[in-house]
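Residue numbers (this note's numbering), protein chains in the order written: chain Z, 1 to 377; chain L, 1 to 302; chain F, 1 to 281.
Since the hints were made in silico from the structure, they are not lab data.
Treat each hint with caution, since some may be false.
Unchecked claim - Quick list of the computed label-pair ranges, beta carbon to beta carbon:
#1 F:PHE52 x L:MET247: 36 to 42 Å
#2 F:LEU198 x Z:ASP111: 49 to 55 Å
#3 Z:PRO70 x L:VAL283: 42 to 48 Å
#4 Z:ASP174 x F:ASN272: 24 to 30 Å
Claimed, not checked - 25 Å max Cα-Cα, derived DSS-like pairs, lysine-lysine:
#5 Z:LYS170 x Z:LYS185
#6 Z:LYS185 x Z:LYS116
#7 Z:LYS103 x F:LYS176
#8 Z:LYS110 x Z:LYS87
#9 Z:LYS87 x F:LYS176
#10 L:LYS216 x L:LYS285
#11 F:LYS176 x L:LYS285
Claimed, not checked - Rough simulated footprint, nothing fancy, chain F against chain L, three-plus residues with beta-carbon under 8 Å:
#12 64–78
#13 184–194
#14 227–234
Please read these numbers as outputs of a predicted model, since none were measured by experiment.
For glycine and all other residues, C-beta sits at the position ideal for the given N, C-alpha and C.
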Amino acid sequence: MQIQIRGIQKTFGSFQALTGVDLDIESGELIALLGPSGSGKTTLLRTIAGLEFADSGRILFGNEDTAGIPVRERRVGFVFQHYALFKHMTVFDNVAFGLQVRKASERPAKDAIRAKVLELLDLVQLSGLDKRYPSQLSGGQKQRVALARALAIEPRVLLLDEPFGALDAKVRKDLRRWLRGLHDKTGYTTIFVTHDQEEALELADRVVVMNRGRIEQVGSTDEVYERPATPFVFDFLGGVNVLPGIARGREIDVVGVSAPLPCGTCDHTGAVDIYVRPGDLRVADAAQPSFEAEILAVQRTGPIVRWDIRARALDQQLEVEIPHLHHDVKQHVPGQTVRLRLNQYSVFARGAKGDARPKALPDTVLIGRERERGRLG
Amino acid sequence: MSSQPVDHSLQDPPKLPFEPLIQRNAVITEQPWVRWLLTALALVFLAGFLLLPLVAVFVEALRNGVGTYLDAVRDPDAIAAIELTLTVAAIAVPLNTLFGICAAWAVTKHTFRGKQFLITLIDLPFSVSPVVSGLIYVLIFGAQGWLGPWMSEHDFKVIFAIPGIVLATVFVTFPFVARELIPLMQEQGTDDEQAALSLGATGWQTFMRVTLPNIKWGLLYGVLLCNARAMGEFGAVSVVSGHIRGMTNTMPLHVEILYNEYNFAAAFAVASLLAMLALVTLVLKSFLEWRLGSELAATRKH
Amino acid sequence: MTALTLPEARGRSPRRVIPGFGLTLGITIAYLSLIVLIPLAGVLLRSAGLGFDGFWHAVTSPRVLNALKLSFGAAFFAALFNAVFGLLVAWVFVRYPFPGKRVLDAAIDLPFALPTAVAGIALTALYSGNGWIGQFLEPLGIKVAFSPVGVVVALMFIGLPFVVRTVQPVLEEAEKELEEAAAVLGATRLQTVVRVILPTILPSLLTGFTLAFARGVGEYGSVIFIAGNLPMVSEIAPLLIIIKLEEFDYAGATAVATAMLVISFVMLLAINLLQAWARKK
Numbered sequence: 001m002q003i004q005i006r007g008i009q010k011t012f013g014s015f016q017a018l019t020g021v022d023l024d025i026e027s028g029e030l031i032a033l034l035g036p037s038g039s040g041k042t043t044l045l046r047t048i049a050g051l052e053f054a055d056s057g058r059i060l061f062g063n064e065d066t067a068g069i070p071v072r073e074r075r076v077g078f079v080f081q082h083y084a085l086f087k088h089m090t091v092f093d094n095v096a097f098g099l100q101v102r103k104a105s106e107r108p109a110k111d112a113i114r115a116k117v118l119e120l121l122d123l124v125q126l127s128g129l130d131k132r133y134p135s136q137l138s139g140g141q142k143q144r145v146a147l148a149r150a151l152a153i154e155p156r157v158l159l160l161d162e163p164f165g166a167l168d169a170k171v172r173k174d175l176r177r178w179l180r181g182l183h184d185k186t187g188y189t190t191i192f193v194t195h196d197q198e199e200a201l202e203l204a205d206r207v208v209v210m211n212r213g214r215i216e217q218v219g220s221t222d223e224v225y226e227r228p229a230t231p232f233v234f235d236f237l238g239g240v241n242v243l244p245g246i247a248r249g250r251e252i253d254v255v256g257v258s259a260p261l262p263c264g265t266c267d268h269t270g271a272v273d274i275y276v277r278p279g280d281l282r283v284a285d286a287a288q289p290s291f292e293a294e295i296l297a298v299q300r301t302g303p304i305v306r307w308d309i310r311a312r313a314l315d316q317q318l319e320v321e322i323p324h325l326h327h328d329v330k331q332h333v334p335g336q337t338v339r340l341r342l343n344q345y346s347v348f349a350r351g352a353k354g355d356a357r358p359k360a361l362p363d364t365v366l367i368g369r370e371r372e373r374g375r376l377g
Numbered sequence: 001m002s003s004q005p006v007d008h009s010l011q012d013p014p015k016l017p018f019e020p021l022i023q024r025n026a027v028i029t030e031q032p033w034v035r036w037l038l039t040a041l042a043l044v045f046l047a048g049f050l051l052l053p054l055v056a057v058f059v060e061a062l063r064n065g066v067g068t069y070l071d072a073v074r075d076p077d078a079i080a081a082i083e084l085t086l087t088v089a090a091i092a093v094p095l096n097t098l099f100g101i102c103a104a105w106a107v108t109k110h111t112f113r114g115k116q117f118l119i120t121l122i123d124l125p126f127s128v129s130p131v132v133s134g135l136i137y138v139l140i141f142g143a144q145g146w147l148g149p150w151m152s153e154h155d156f157k158v159i160f161a162i163p164g165i166v167l168a169t170v171f172v173t174f175p176f177v178a179r180e181l182i183p184l185m186q187e188q189g190t191d192d193e194q195a196a197l198s199l200g201a202t203g204w205q206t207f208m209r210v211t212l213p214n215i216k217w218g219l220l221y222g223v224l225l226c227n228a229r230a231m232g233e234f235g236a237v238s239v240v241s242g243h244i245r246g247m248t249n250t251m252p253l254h255v256e257i258l259y260n261e262y263n264f265a266a267a268f269a270v271a272s273l274l275a276m277l278a279l280v281t282l283v284l285k286s287f288l289e290w291r292l293g294s295e296l297a298a299t300r301k302h
Numbered sequence: 001m002t003a004l005t006l007p008e009a010r011g012r013s014p015r016r017v018i019p020g021f022g023l024t025l026g027i028t029i030a031y032l033s034l035i036v037l038i039p040l041a042g043v044l045l046r047s048a049g050l051g052f053d054g055f056w057h058a059v060t061s062p063r064v065l066n067a068l069k070l071s072f073g074a075a076f077f078a079a080l081f082n083a084v085f086g087l088l089v090a091w092v093f094v095r096y097p098f099p100g101k102r103v104l105d106a107a108i109d110l111p112f113a114l115p116t117a118v119a120g121i122a123l124t125a126l127y128s129g130n131g132w133i134g135q136f137l138e139p140l141g142i143k144v145a146f147s148p149v150g151v152v153v154a155l156m157f158i159g160l161p162f163v164v165r166t167v168q169p170v171l172e173e174a175e176k177e178l179e180e181a182a183a184v185l186g187a188t189r190l191q192t193v194v195r196v197i198l199p200t201i202l203p204s205l206l207t208g209f210t211l212a213f214a215r216g217v218g219e220y221g222s223v224i225f226i227a228g229n230l231p232m233v234s235e236i237a238p239l240l241i242i243i244k245l246e247e248f249d250y251a252g253a254t255a256v257a258t259a260m261l262v263i264s265f266v267m268l269l270a271i272n273l274l275q276a277w278a279r280k281k
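Chain Z on its own, in the form it takes in the complex (with noise of 0.2 Å):
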């Protein structure tokens, strides 16, 4: 089912929960809904199911304008963050309430409501506990006997609200790469919500990344990360340092660097902000442009080391990754001086952070960002 979103805005109270949000999500499409709480993107995922009402805006299902289709006619298949199993009903129950409350006139036979949630169950792996009640199942059965009951009433989009945010990290991961391949044999359209970044970007086709209400960048996992739109998803997904700097034309003064404004033919002059994540400084060759900084601070953390850096320059610390491989324990100690270089790079006309911004300054326009590897160095 293809779904088209347009201008939804809605308000609660004096609170903008959305502000004029615009998606096409395409038929068998699994995606996430990223963002921090208070974003919006649990209130875009229940006003899709019908849960919410828009203030304005429009969904349509395929060609059909949901509007005046309430909830219970929707055939949208919902998974609650937590669950909301019928505790009072057996696993069986709870699968087969969707088909059991359907008019007499549309209701499949006994025998075919206990052959379908039969067959859910082995789906979702959950053949023999049919006979349980929820509080007799872990957190992870529990969520997948919710996912057989959204399913039961062969829904049109499947919708799920943080359906890994009440499990333990282990049992989140299995489950996963489980629905990852559950959503490959279904073929079901999945819209989940999420505020894990690796969860999206591991499950998820595309990612929508919203904030405040709107949508900052939606696009495969690899662009969303690769290439952010915004400061704030640049921030959002991963680790970030902010360097100030001073463009002129089509090159950016930063920590003492010059450097090329990283965009075919734009041309700025003014204060900007760099925008590199902690792996994309380098340690330099003798022969690269590059600044100064101390290592004021070595952490391991798994195959990644950590640096706390200040950059002389600028006296402003930052933060390093290297590979373990390229770290030399004797050479990077505390206190030792090391000579860095920019490696991939946004640059972003000077503002705030995504959350600050005013909606209408220009002054948070993506300049233009460095693709090319060592084209800095």
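Given the structure of chain Z, go ahead and fit chains L and F onto it with the hints provided.
This is chains L and F only, laid out in the frame that chain Z set:
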């Protein structure tokens, strides 16, 4: 940079004909007429069933004018009844408060076998008819009771005297404080106390400076309910009092006597005092519930 | 395995971190025994002194049987009525907005706070033949005061808060997601209420019913004024105990009291089982 993404945040929403979604907000509530009907039904029921009797007390009390009302309230027997009621409450409430704190401390801050059984026993007086509560003391201290002969020898009276009234009142109000404190203290756990003890506080200091501030609203709530019942208790007291005017007559018993003498205005006048006590209790109770709510909320934030 | 022995996890003298256990438990048990347990045991002992025949004879006299029947029957119907209206009131208070809610919410506890004797004479004033409400019911042939109906009315008044106050918090905490889940799955509102909400609150409703019932059985003050106390017709068991005491028939009073106590114990047990069951769900 050919594939430069668009910053969506800066774009105006696409122009579409303005068409608000139909707000059929029936997701988790009933249709308006159902809501309206149920609300009306509940309110009419409450007004007729709860508020009307209360109004009746005051209207009947003032039926023969303010003069009669004041006479009834100022009658020496009425004043004696008021004094006795206050005295009984002044003994029974502190006793049960002390007990309630001890019981809650033992039950919630420690684990031991038979704990649940003990809690059930503490609740026992609630499930005993007030009349039976009075009867049990008659069987012990009454003229034909086990201790009756010994007591008449030593000229010590319990039944048809104030000690009996106090005992019966203590019995019926026994669980009030404990049953408010136990769930509250259970929820609060023992972390704060352990912290205080590890910092070198004595048990008494821990209780006074850590536990008590944490439970004060719950404690007051229990005391309030205990007091309301102590002053209003009728059945149990009726059995042991002997209804001696000016001597062993509490306010509720005085109401009964006046009523049975067909002195309705006076009966309702004294009753109105008790009704006012009930109203004050309700107001304080609402206030304490509000404070208690924040006490619990504070616990849950931990 | 080795010679290493671990200390018993639940030894005879568990080490306690928090002081005052002996003292407070000692006071609790002593006070509980003196005020509650020993006197109550006295009743049972007295009753046992009657012998089974004596007890049976006292309890099965027609007047006693009628009184017990009335006390339990009226309490049952009043609790049933309260289960319905208490649920309605709790539902409206939790779900729907209306002006004056806070005040009315506090007023629900009026039967807890109002001395029973006051409630008794007030209800009588309302429901007697020339009373505020009674004057309209009398011509219709409905006699409330001075009849068993009056007993039920008084017990309804007394028992209402028990149901409301047990159901209300459960309704308040009911997950709204459950109802949304039902709606998403295509259930109508009525189906949601009947199949999802009611089963969730049923344990608390049962508990409230049992509490109201238990309270109603032993109730005295609010009933005796409105009941009329006609022997064999509108005479409740607690009143009969008092009458027997006034006649110095201690044995008879004890027998009736024992019968009531035994039934109350059974109900207390039922409450605890119900709550355990509700917790398990």
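query = Are the Cα positions of LYS170 of chain Z and LYS185 of chain Z separated by 25 Å at most?
reply = 23 Å, holds
key: Outcome, coverage hint (the stretch 184–194 of chain L, chain F; C-beta under 8 Å; three residues)   = holds (count 3)
request  = Verify the proposed pairing of LYS176 of chain F with LYS285 of chain L, using a straight-line Cα cut of 25 Å.
outcome  = 29 Å, violated
query = Can the restraint linking LYS87 of chain Z and LYS176 of chain F be considered satisfied, given a maximum Cα separation of 25 Å?
reply = Distance of about 13 Å is within 25 Å: holds.
message = Just to be sure I understand the hint, the distance between the Cβ atoms of ASP174 of chain Z and ASN272 of chain F should be within 24 to 30 Å; is that true here?
response = With a Cβ separation near 41 Å, ASP174 of chain Z and ASN272 of chain F fall outside 24 to 30 Å, so the hint is violated.
request  = Could you tell me whether the CB distance from PRO70 of chain Z to VAL283 of chain L stays inside 42 to 48 Å?
outcome  = Given a distance of about 44 Å, which is inside 42 to 48 Å, the answer is holds.
ask   = Are LYS216 of chain L and LYS285 of chain L close enough, with their CA atoms no more than 25 Å apart?
value = 14 Å, holds
task = Examine the stretch 64–78 of chain L: at least three residues should have C-beta closer than 8 Å to a C-beta of chain F.
result = Coverage by chain F is violated here, the residue count being 0 at a Cβ distance below 8 Å.
query = Straight-line Cα separation of LYS110 of chain Z and LYS87 of chain Z no greater than 25 Å?
reply = 22 Å, holds
message = Holds or violated: LYS185 of chain Z and LYS116 of chain Z, Cα atoms, limit 25 Å.
response = 17 Å, holds
message = Is the listed coverage of the stretch 227–234 of chain L by chain F valid when you require three or more residues with a beta carbon under 8 Å from a beta carbon of that chain?
response = Three-residue rule met by the stretch 227–234 of chain L, so holds; n is 5.
ask   = Is the hinted pair LYS103 of chain Z and LYS176 of chain F satisfied, with a Cα-Cα distance of at most 25 Å?
value = 24 Å, holds
Of the numbered hints listed earlier, those contradicted by the structure are 2, 4, 11 and 12.
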